[in-house]
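Trainee: Okay, here's what each chain looks like letter by letter:
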Amino acid sequence: MTAAAELRELRSTPAKSKPENKAAFWFLLPWFLGLFAVTLGPMAASLYLSFTKYNLLQPPEFTGTANFERMLTDERLHSSLAVTFTYVLVSVPLQLGLALGLAVLLDRGIRGLGFYRSVFYLPSLLGASVAIAVLWRTVFGTEGLFNEGLALLGIEGRGWIADPETALSTLITLNVWTFGSPMVIFLAGLRQIPVMYYEAAAVDGASPLRRFTSVTLPLLTPIIFFNLVLQIIHAFQSFTQAFIVSGGTGGPTDSTLFFSLYLYQRGFGNFDMGYASALAWLLLVIIGAFTAINFWASKYWVHYGD
Amino acid sequence: MRPERTAVTRPNLTRRALGRAGLLAAAPAPLLASCGIGGGGEMVLSDEPVELRLSWWGSDLRAQQTNEAIAAFEKQYPNITVRGEYKEFGAYWDGLATTFAANDSPDVVQMDEQYFNSYSARGALVDLNEAGEFLDLSKIEPDLLFTGQVDGAQFALPIGSSVLAFAVNADMFAQYGMELPDDTTWTWDDYAAIAAELDARGGGDITGSGITGGVDVGSVRYWARQRGNELFGADGDVTLDPDLLVGLWEYYLGLIESGATDTPEQMVEDTGAGVEGGGLATGRTAFGQIHNTQISALRQGSGADMRLLQLPQHDGTPGNFIKPGMYWAVSAGSAHPAESALLVDFLVNTETAADILGTERGVPANTEILAYLAPQLDESEQIAVDYLAATVPGEPLIVVPNGASSVNPLLTRLGQEVYFGQTSPEDAAEAFITELQGEIDATK
Amino acid sequence: MATRLRALLKHLFLIACAAVMLYPVLWMVVSSMRPNDEIFRSPGLILTDLETGNYEAGWNAFEHPFGYFMVNSAIVVLGAIIGNLVACSMAAYAFARLEFKGRRWWFAVMLLTIMLPVHVIIVPQYVLFSEFGWVNTFLPLIVPKFLATDAFFVFLMVQFIRGIPRELDEAARIDGAGHPRIYTRIVLPLMVPALATTAIFTFIWTWNDFFGQLIYLIDPDMHTVPLALRAFVDQQAGTNWGATFAMSVVSLLPVFLVFLFGQRFLLRGIATTGGK
Numbered sequence: 001m002t003a004a005a006e007l008r009e010l011r012s013t014p015a016k017s018k019p020e021n022k023a024a025f026w027f028l029l030p031w032f033l034g035l036f037a038v039t040l041g042p043m044a045a046s047l048y049l050s051f052t053k054y055n056l057l058q059p060p061e062f063t064g065t066a067n068f069e070r071m072l073t074d075e076r077l078h079s080s081l082a083v084t085f086t087y088v089l090v091s092v093p094l095q096l097g098l099a100l101g102l103a104v105l106l107d108r109g110i111r112g113l114g115f116y117r118s119v120f121y122l123p124s125l126l127g128a129s130v131a132i133a134v135l136w137r138t139v140f141g142t143e144g145l146f147n148e149g150l151a152l153l154g155i156e157g158r159g160w161i162a163d164p165e166t167a168l169s170t171l172i173t174l175n176v177w178t179f180g181s182p183m184v185i186f187l188a189g190l191r192q193i194p195v196m197y198y199e200a201a202a203v204d205g206a207s208p209l210r211r212f213t214s215v216t217l218p219l220l221t222p223i224i225f226f227n228l229v230l231q232i233i234h235a236f237q238s239f240t241q242a243f244i245v246s247g248g249t250g251g252p253t254d255s256t257l258f259f260s261l262y263l264y265q266r267g268f269g270n271f272d273m274g275y276a277s278a279l280a281w282l283l284l285v286i287i288g289a290f291t292a293i294n295f296w297a298s299k300y301w302v303h304y305g306d
Numbered sequence: 001m002r003p004e005r006t007a008v009t010r011p012n013l014t015r016r017a018l019g020r021a022g023l024l025a026a027a028p029a030p031l032l033a034s035c036g037i038g039g040g041g042e043m044v045l046s047d048e049p050v051e052l053r054l055s056w057w058g059s060d061l062r063a064q065q066t067n068e069a070i071a072a073f074e075k076q077y078p079n080i081t082v083r084g085e086y087k088e089f090g091a092y093w094d095g096l097a098t099t100f101a102a103n104d105s106p107d108v109v110q111m112d113e114q115y116f117n118s119y120s121a122r123g124a125l126v127d128l129n130e131a132g133e134f135l136d137l138s139k140i141e142p143d144l145l146f147t148g149q150v151d152g153a154q155f156a157l158p159i160g161s162s163v164l165a166f167a168v169n170a171d172m173f174a175q176y177g178m179e180l181p182d183d184t185t186w187t188w189d190d191y192a193a194i195a196a197e198l199d200a201r202g203g204g205d206i207t208g209s210g211i212t213g214g215v216d217v218g219s220v221r222y223w224a225r226q227r228g229n230e231l232f233g234a235d236g237d238v239t240l241d242p243d244l245l246v247g248l249w250e251y252y253l254g255l256i257e258s259g260a261t262d263t264p265e266q267m268v269e270d271t272g273a274g275v276e277g278g279g280l281a282t283g284r285t286a287f288g289q290i291h292n293t294q295i296s297a298l299r300q301g302s303g304a305d306m307r308l309l310q311l312p313q314h315d316g317t318p319g320n321f322i323k324p325g326m327y328w329a330v331s332a333g334s335a336h337p338a339e340s341a342l343l344v345d346f347l348v349n350t351e352t353a354a355d356i357l358g359t360e361r362g363v364p365a366n367t368e369i370l371a372y373l374a375p376q377l378d379e380s381e382q383i384a385v386d387y388l389a390a391t392v393p394g395e396p397l398i399v400v401p402n403g404a405s406s407v408n409p410l411l412t413r414l415g416q417e418v419y420f421g422q423t424s425p426e427d428a429a430e431a432f433i434t435e436l437q438g439e440i441d442a443t444k
Numbered sequence: 001m002a003t004r005l006r007a008l009l010k011h012l013f014l015i016a017c018a019a020v021m022l023y024p025v026l027w028m029v030v031s032s033m034r035p036n037d038e039i040f041r042s043p044g045l046i047l048t049d050l051e052t053g054n055y056e057a058g059w060n061a062f063e064h065p066f067g068y069f070m071v072n073s074a075i076v077v078l079g080a081i082i083g084n085l086v087a088c089s090m091a092a093y094a095f096a097r098l099e100f101k102g103r104r105w106w107f108a109v110m111l112l113t114i115m116l117p118v119h120v121i122i123v124p125q126y127v128l129f130s131e132f133g134w135v136n137t138f139l140p141l142i143v144p145k146f147l148a149t150d151a152f153f154v155f156l157m158v159q160f161i162r163g164i165p166r167e168l169d170e171a172a173r174i175d176g177a178g179h180p181r182i183y184t185r186i187v188l189p190l191m192v193p194a195l196a197t198t199a200i201f202t203f204i205w206t207w208n209d210f211f212g213q214l215i216y217l218i219d220p221d222m223h224t225v226p227l228a229l230r231a232f233v234d235q236q237a238g239t240n241w242g243a244t245f246a247m248s249v250v251s252l253l254p255v256f257l258v259f260l261f262g263q264r265f266l267l268r269g270i271a272t273t274g275g276k
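These protein sequences, in sequence, are chains E, V and U.
Start counting the first sequence at 1; every next residue gets the next number (the UniProt record's numbering).
Start counting the second sequence at 1; every next residue gets the next number (the UniProt record's numbering).
Start counting the third sequence at 1; every next residue gets the next number (the UniProt record's numbering).
Derived from the structure by calculation, the hints contain no laboratory data.
None of the values given here were measured: they were computed from a predicted structure.
Backbone N, C-alpha and C fix where the C-beta goes; we use that ideal spot for every residue, glycine too.
Wrong hints could be hidden among the right ones.
Simulated DEER-style distance windows between Cβ atoms [unchecked claim]:
(1) G259/V / L50/U: 37 to 45 Å
(2) G114/E / G178/U: 36 to 44 Å
(3) T48/U / M178/V: 26 to 34 Å
Covered by chain U, according to a simulated footprint, are these stretches of chain E (three or more residues, beta-carbon under 8 Å) [what the hints assert, rightly or not]:
(4) 114 to 121
(5) 178 to 188
Model the full structure from these sequences, guided by the hints.
Mentor: And the structure:
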């Protein structure tokens, strides 16, 4: 089930007469070492902890499926799921659309390319800076810049971050604002498209729009797919920005309580690491399902060069 | 890295050998099962060189001062080296929980009222009474000392105190031709009337007051204590009368609706902005609720004549309380509890340390040190100390019990729901008590 | 004429976007040159008094000058970049080009490792590294990169390698080249954009990473830029925001320069080597 389509794609490469197990082993050796020594152990530990009551200070106590049963009635969990799904479904398409659009616009034949690219990437450099919180308030606060702009248009603004109805949308804006990473990946992908294809299309007299839809888009699909998969995973795990902007509370009134933030509050704020681990595995299942659907759907629209 | 420590705190050599071989990863369950606090050293001074780790949260200024105090301590005890570690408040607790989980905690840690019982109840801290030889507790203000005790065991030593206060912008009162209220007699009704009057005279340029209660533990405690009630009982359960919480929220809802105070949106923005970025500091409102020790930051951030007022009265029953600003505690995993106690003693009880540290960690809990420092205080510090002296506290504070470490965020969330009109005060009060008691019960 | 007009419109649009994108960043730069009590009262960009003292105060706020933390960060970043480039590209080559037993399965496992939230792994992982005696060293932040634990980049490179026409390595194979040779001589040069992306992202993400560094780097001597920046903030007593912004700007400079310089490498790759 997991990544079924991807597996098919991987298998569809020209069959070799002999498997390359030995070479593969050496190429994968560092990754295997990392997987077994650094990653799988802690993952297994967290899986075990998800069946325990563990307060970090005393040994974990096995409680069976109690943590998972508790999820059914945990209202804050349910509201954090709603917040997270909204965030993922709105911010990922917006962010990727903007990143792709600007990447294409910036790709060829424009003056000051390097300048624009750097400027557009600059917000992403700020990343998790503590300055972001203050920054965002000066933009979206009651007396912030955004409201001043609205006032020029005669519209009365509000405290966007502080109002439970709009707080989440400011975080979505923040995520869209930092579209630099997918944009750079798109740019790198565009650079990989052989120029000869465009030349061939030009010879055939294809319009720019037609070149975009029949050359650029199909050849870029592996990268679009990559960005889509990763940004969805990333958005589901989103933590830092909400943490910084809301001061770790997910407020006002839980309106920005992302799943990861809730998990973090349970684990470190309430010394409830057993339940937090169970939540982590719930998230993993959710993300895994989304990724699997993505891989399954990819066989209908992603074209590989190989 | 520190063999002398490792040998004591981690006797399980086979586990370490396994870990070195990389096999540990395959056996996570036993790895974590053996976690937990334990194996601290004996309460005697060592003749050998000793290395201690001292950990605190706070700003760059505190780091500078504390490092200086450490240097003075090392000069006095040449065989002890102290490594100072500091982090920002939120990050500090994540790091601390992780190091405690790995049995790799610092020897001396700065503690907070919110988390103190979460650590002490799980056997993570040393009873400082056992360190009597090295650490003198007799000069600490008794009500404060009490806040570091559980069933007579002194698991933490209060460093300084802080008291709930109303801060007012005296410049603003003068500007709009108003008198400052007499804070020894004024009532909640007076406060509401003054806020409304200011708001009216401000004509939209200012709001009369910030929302000074209902979303933080301090104001709820104050309101309840004024009415003979307490948030927590001595047995560690929630004893708050939900009707009182409803009353508090309704009082503020009335103020919000009258327009005399900030809107709930502005309140949320201020919570995020901190003392120096809030409406009080930026000159938007005349009243705010702070702790007396924050007056320096407020005066600096606003550049205005900020004063402290006692909170309004109800029927004369004192509601205020002296809250431990922060504590020092010694980790139960420390290999050198005696030296750790010595370090705490130095930081809290000596004039050498007081000269360096001043009142940066709050008004000193050690009454002799407070008297010693009195002549050196600057204007803002003097305001804070005078306010403390003028405060009539009620019964000693019962600190946040084990399991209730998230009481403040819980109250913030529910209080906001009430102020934004999402939940009725009755339902929110009910939810507050149920959820909080549930968290406490889960640890029993 | 129509093309000129279109180019102009394109530029106008881009400049408008750039202005919106940049405003908050510029505000931070301007705020770093304002006195502390003015920062929160001025959403505008006009500077009335120039206050350079913030830079001096911020630089010398801790027992080491701020540059010391930048050097620490640089060490971690450099180790992480080298580790990621080597280990991830090797693993990616195997996943994208080699036929081996259980490939599909391992690929799924690799994806799975990206999906678990970091906060619950951090405690077991800390216990593990603490057993190794690696706490308070840079090792927990660097060694895992040499073991390709950043599966994100493995996946990224797999996608890029699969975009490289197979005829190229088939041709080399017919000439008798083995996998190490195909990997170093054909695939690596052709995936320079992906490698540059990896290097740039690793730089930025490691430079900004807070949680990992917070847990493992205990001693202030080992502190990195994010830890030092966060240490300015004090919710209780008050924060020197001017100094915080000043040092935020200082710490932003290297990342910005790296990006400005590094993005040239995004231009190369097949587009130039294969096409022209």
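Trainee: Can you let me know if the beta-carbon spacing of T48/U and M178/V is within 26 to 34 Å?
Mentor: For T48/U and M178/V the Cβ distance comes to about 31 Å; the hint holds.
Trainee: Okay, the segment 178 to 188 of chain E and chain U, do three or more residues pass the C-beta test at under 8 Å?
Mentor: Answer holds; 5 residues pass the 8 Å Cβ test.
Trainee: Please test the hint of 37 to 45 Å on the beta carbon pair from G259/V and L50/U.
Mentor: Distance hint for G259/V, L50/U holds at roughly 40 Å.
Trainee: Three residues minimum, CB to CB under 8 Å: does the segment 114 to 121 of chain E make the cut for coverage by chain U? Let me know.
Mentor: holds (count 7)
Trainee: Can you let me know if the beta-carbon spacing of G114/E and G178/U is within 36 to 44 Å?
Mentor: Cβ of G114/E to Cβ of G178/U: about 39 Å, so the range 36 to 44 Å holds.
In summary, the structure agrees with every hint in the numbered list given earlier.
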